[in-house]
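J.: Sequence:
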Amino acid sequence: MAKFEVTDNKVAALDTKVDSLRNEAISRFDAVDTRLGSIETRTPVMEKISELEARVTELAKKLADKPEKEGWWKRTQKKSSKRRGS
1 MAKFEVTDNK VAALDTKVDS LRNEAISRFD AVDTRLGSIE TRTPVMEKIS ELEARVTELA
61 KKLADKPEKE GWWKRTQKKS SKRRGS
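Residue numbers (the numbering used here): 1 to 86.
What the hints contain is simulated information worked out from the structure, not anything from laboratory work.
Quick reminder that beta carbons are idealized off the backbone N, C-alpha and C, glycines included.
Please note that a few of the clues may not be correct.
Claimed, not checked - Quick list of the computed label-pair ranges, beta carbon to beta carbon:
1. Ala13 / Glu51: 29 to 37 angstroms
2. Val45 / Lys66: 29 to 37 angstroms
3. Ala54 / Asn9: 19 to 27 angstroms
4. Asn9 / Thr43: 12 to 20 angstroms
Said to hold, decoys possible - Straight-line Cα separation of at most 27 angstroms, DSSO-like style, residue types lysine-lysine; simulated pairs:
5. Lys48 / Lys17
6. Lys10 / Lys62
7. Lys17 / Lys66
8. Lys48 / Lys61
9. Lys61 / Lys10
10. Lys61 / Lys17
11. Lys48 / Lys10
12. Lys66 / Lys10
13. Lys62 / Lys48
14. Lys17 / Lys62
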């Protein structure tokens, strides 16, 4: 599995992407709604979008709560210190 470092920028980018996808889905289903002339087609889709949005928000919170791991430079410094006898 790839390493993923959590930063405010990454969480913000994820949030922006979710908003973008939600808006795109809403506009597409509004177009379908208009053609069909029925709100019944939109309701289940909007519920699914809400569920997905909640899951993404929950995942973003979990990622934000994870402690950041030591950077590679810290590990390198520790190894160097041990070799020098410090």
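J.: Does each hint fit the structure? Answer for all of them.
T.: Cross-check of the supplied hints:
no. : hint                              : in the structure
1   : Ala13 / Glu51: 29 to 37 angstroms : violated (22 angstroms)
2   : Val45 / Lys66: 29 to 37 angstroms : holds (32 angstroms)
3   : Ala54 / Asn9: 19 to 27 angstroms  : holds (23 angstroms)
4   : Asn9 / Thr43: 12 to 20 angstroms  : violated (35 angstroms)
5   : Lys48 / Lys17                     : holds (17 angstroms)
6   : Lys10 / Lys62                     : holds (13 angstroms)
7   : Lys17 / Lys66                     : holds (21 angstroms)
8   : Lys48 / Lys61                     : holds (20 angstroms)
9   : Lys61 / Lys10                     : holds (12 angstroms)
10  : Lys61 / Lys17                     : holds (15 angstroms)
11  : Lys48 / Lys10                     : holds (24 angstroms)
12  : Lys66 / Lys10                     : holds (13 angstroms)
13  : Lys62 / Lys48                     : holds (21 angstroms)
14  : Lys17 / Lys62                     : holds (17 angstroms)
Checked against the numbered hints given earlier, this structure breaks hints 1, 4; the rest are met.
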